[in-house]
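*Asks:* Each chain is listed here by its residues.
Protein chains: 2
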Amino acid sequence: MIRHSVILKLKSDINSADKRAFFEAVDKLAAIPEVQKFEVLKQISSKNKFEYGISMEFDTQEQYDSYSNHPQHQVFIQNFWIKAVEDFLEIDYVLL
Amino acid sequence: MIRHSVILKLKSDINSADKRAFFEAVDKLAAIPEVQKFEVLKQISSKNKFEYGISMEFDTQEQYDSYSNHPQHQVFIQNFWIKAVEDFLEIDYVLL
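In order, the protein sequences belong to chains A and B. Under my numbering, the first residue of the first sequence carries the number 1, and numbering increases by one thereafter. Under my numbering, the first residue of the second sequence carries the number 97, and numbering increases by one thereafter.
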């Protein structure tokens, strides 16, 4: 199991329509093959600056790579992520 | 559901005995009341500097607060965390 996650902060001047479109596009990532346990999260700790999280799991590195390279994921990055996200951190876990 | 997690980097000069003792102490945190889905994780993304993660869930903020204030957790912070950890980031999630 590989748990891929990203914690993010949206641009402060994003309007509500673009924010809604961003999260609708995020939700559709769950349909990419081999994506498991897809979650969209709100970050609530005051000890970091991030606002949201996206988390998913893959059985193998090959499935993870396939997701990363999937056209739908690439289009999402170009059409939604780059326009909406101010800062982010990718975090990937395996069980210790 | 509140998912409390911390992503951390150990001190670079920690010796293997102290590292083992640290993770043994981490494992015991799972026994604090109301802690659910306790996980100790290895961070594998090259896109951040952190090495490990600890994740757990609580049903309510009150349970989370009770964990934070629990004597076993406080002793862990004083006796293990401060000595072993070089840097960390707390991340808390709720489902969006």
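Read the hints as simulated data drawn from the structure, not as lab findings. Check each hint, because a few of them may be wrong.
[To be verified] Here are a few chain A residues that face chain B, going by a calculated C-beta distance under 7 Å:
{"no.": "1", "residue": "PHE38"}
{"no.": "2", "residue": "SER46"}
{"no.": "3", "residue": "VAL85"}
[To be verified] Once the Cα atoms are required to be at most 20 Å apart in a straight line, the calculated EDC-like pairs of lysine to aspartate or glutamate come out as:
{"no.": "4", "chain 1": "B", "residue 1": "LYS133", "chain 2": "B", "residue 2": "ASP123"}
{"no.": "5", "chain 1": "B", "residue 1": "LYS138", "chain 2": "B", "residue 2": "ASP114"}
{"no.": "6", "chain 1": "B", "residue 1": "LYS105", "chain 2": "A", "residue 2": "GLU62"}
{"no.": "7", "chain 1": "A", "residue 1": "LYS37", "chain 2": "B", "residue 2": "GLU158"}
{"no.": "8", "chain 1": "B", "residue 1": "LYS138", "chain 2": "A", "residue 2": "GLU57"}
{"no.": "9", "chain 1": "A", "residue 1": "LYS47", "chain 2": "B", "residue 2": "GLU158"}
{"no.": "10", "chain 1": "B", "residue 1": "LYS115", "chain 2": "B", "residue 2": "GLU135"}
{"no.": "11", "chain 1": "A", "residue 1": "LYS47", "chain 2": "B", "residue 2": "GLU182"}
{"no.": "12", "chain 1": "A", "residue 1": "LYS37", "chain 2": "A", "residue 2": "ASP59"}
{"no.": "13", "chain 1": "B", "residue 1": "LYS145", "chain 2": "A", "residue 2": "GLU62"}
{"no.": "14", "chain 1": "B", "residue 1": "LYS138", "chain 2": "A", "residue 2": "GLU62"}
{"no.": "15", "chain 1": "A", "residue 1": "LYS28", "chain 2": "A", "residue 2": "GLU57"}
{"no.": "16", "chain 1": "A", "residue 1": "LYS42", "chain 2": "A", "residue 2": "GLU90"}
{"no.": "17", "chain 1": "B", "residue 1": "LYS143", "chain 2": "B", "residue 2": "GLU182"}
{"no.": "18", "chain 1": "B", "residue 1": "LYS115", "chain 2": "B", "residue 2": "ASP183"}
{"no.": "19", "chain 1": "A", "residue 1": "LYS47", "chain 2": "B", "residue 2": "ASP123"}
{"no.": "20", "chain 1": "B", "residue 1": "LYS138", "chain 2": "B", "residue 2": "GLU158"}
{"no.": "21", "chain 1": "A", "residue 1": "LYS11", "chain 2": "A", "residue 2": "GLU86"}
{"no.": "22", "chain 1": "B", "residue 1": "LYS143", "chain 2": "A", "residue 2": "ASP87"}
{"no.": "23", "chain 1": "A", "residue 1": "LYS47", "chain 2": "B", "residue 2": "ASP109"}
{"no.": "24", "chain 1": "B", "residue 1": "LYS143", "chain 2": "A", "residue 2": "GLU24"}
{"no.": "25", "chain 1": "B", "residue 1": "LYS133", "chain 2": "A", "residue 2": "GLU57"}
{"no.": "26", "chain 1": "B", "residue 1": "LYS143", "chain 2": "A", "residue 2": "ASP18"}
{"no.": "27", "chain 1": "B", "residue 1": "LYS133", "chain 2": "A", "residue 2": "GLU62"}
{"no.": "28", "chain 1": "A", "residue 1": "LYS42", "chain 2": "B", "residue 2": "GLU153"}
All C-beta atoms in this analysis are idealised placements derived from N, C-alpha and C, irrespective of residue type, glycine included.
*Asks:* Now look at each hint and say whether the structure bears it out.
*Replies:* To see whether the hints hold, each was checked on the structure:
1. The interface hint given for A/PHE38 is broken, as the beta carbon of that residue sits about 11 Å from the closest beta carbon of chain B, more than 7 Å.
2. Checking A/SER46 against chain B: minimum C-beta separation of about 9 Å lies over 7 Å; hint violated.
3. Taking 7 Å as the C-beta cut-off, the interface hint given for A/VAL85 is violated, the closest approach to chain B being about 14 Å.
4. Note on B/LYS133 and B/ASP123: the hinted pairing holds, with a Cα-Cα distance of about 12 Å set against a maximum of 20 Å.
5. Taking the CA atoms of B/LYS138 and B/ASP114, the gap is near 17 Å; set against the 20 Å cutoff, the hint holds.
6. Taking the CA atoms of B/LYS105 and A/GLU62, the gap is near 27 Å; set against the 20 Å cutoff, the hint is violated.
7. For the hint linking A/LYS37 to B/GLU158, the alpha-carbon distance of about 26 Å lies beyond 20 Å, and the restraint is violated.
8. For the given pair, B/LYS138 sits about 14 Å from A/GLU57 by alpha-carbon distance, which is consistent with the 20 Å threshold.
9. Between A/LYS47 and B/GLU158, the direct Cα distance comes to roughly 18 Å. Compliance with the 20 Å bound is thereby established for this hinted pair.
10. As the CA atoms of B/LYS115 and B/GLU135 are separated by approximately 17 Å, the hinted pair is consistent with the 20 Å bound.
11. Between the alpha carbons of A/LYS47 and B/GLU182 the distance comes to roughly 16 Å, so the proposed pair stays at or under 20 Å and holds.
12. This hinted pair checks out: A/LYS37 and A/ASP59 have alpha carbons roughly 11 Å apart, not beyond 20 Å.
13. Between the alpha carbons of B/LYS145 and A/GLU62 the distance comes to roughly 23 Å, so the proposed pair goes past 20 Å and is violated.
14. Straight-line distance between C-alpha atoms of B/LYS138 and A/GLU62 comes to about 18 Å, which keeps the hinted pair within the 20 Å bound.
15. Our distance criterion of 20 Å between C-alpha atoms is met by A/LYS28 and A/GLU57, whose separation comes to about 15 Å.
16. In summary, the hint linking A/LYS42 to A/GLU90 is supported, as the alpha carbons are separated by about 16 Å, within the 20 Å threshold.
17. Under the criterion of a C-alpha separation no larger than 20 Å, the hint pairing B/LYS143 with B/GLU182 is consistent with the structure, at around 18 Å.
18. Distance check on the hinted pair: B/LYS115 and B/ASP183 sit about 15 Å apart at the alpha-carbon level, within 20 Å; holds.
19. For a cut-off of 20 Å, the pair hint linking A/LYS47 to B/ASP123 is broken: about 24 Å separates their Cα positions.
20. For the given pair, B/LYS138 sits about 28 Å from B/GLU158 by alpha-carbon distance, which is inconsistent with the 20 Å threshold.
21. Between the alpha carbons of A/LYS11 and A/GLU86 the distance comes to roughly 5 Å, so the proposed pair stays at or under 20 Å and holds.
22. At roughly 13 Å between alpha-carbon atoms, B/LYS143 and A/ASP87 fall within 20 Å of each other, so this suggested pair holds.
23. Distance hint between A/LYS47 and B/ASP109 is unfulfilled; the C-alpha atoms sit about 26 Å from each other, more than 20 Å.
24. A C-alpha spacing of about 26 Å is found between B/LYS143 and A/GLU24, which places the hinted pair above 20 Å, so the restraint is violated.
25. Distance restraint check for B/LYS133 and A/GLU57: the Cα-Cα separation of roughly 16 Å lies within the 20 Å cut-off, and the hinted pair is therefore satisfied.
26. For the hint linking B/LYS143 to A/ASP18, the alpha-carbon distance of about 27 Å lies beyond 20 Å, and the restraint is violated.
27. Simply put, B/LYS133 and A/GLU62 have alpha-carbon atoms about 26 Å apart, too far for the 20 Å limit, and the pair is violated.
28. For the suggested pair A/LYS42 and B/GLU153, the alpha carbons sit about 14 Å apart, so the restraint of at most 20 Å is met.
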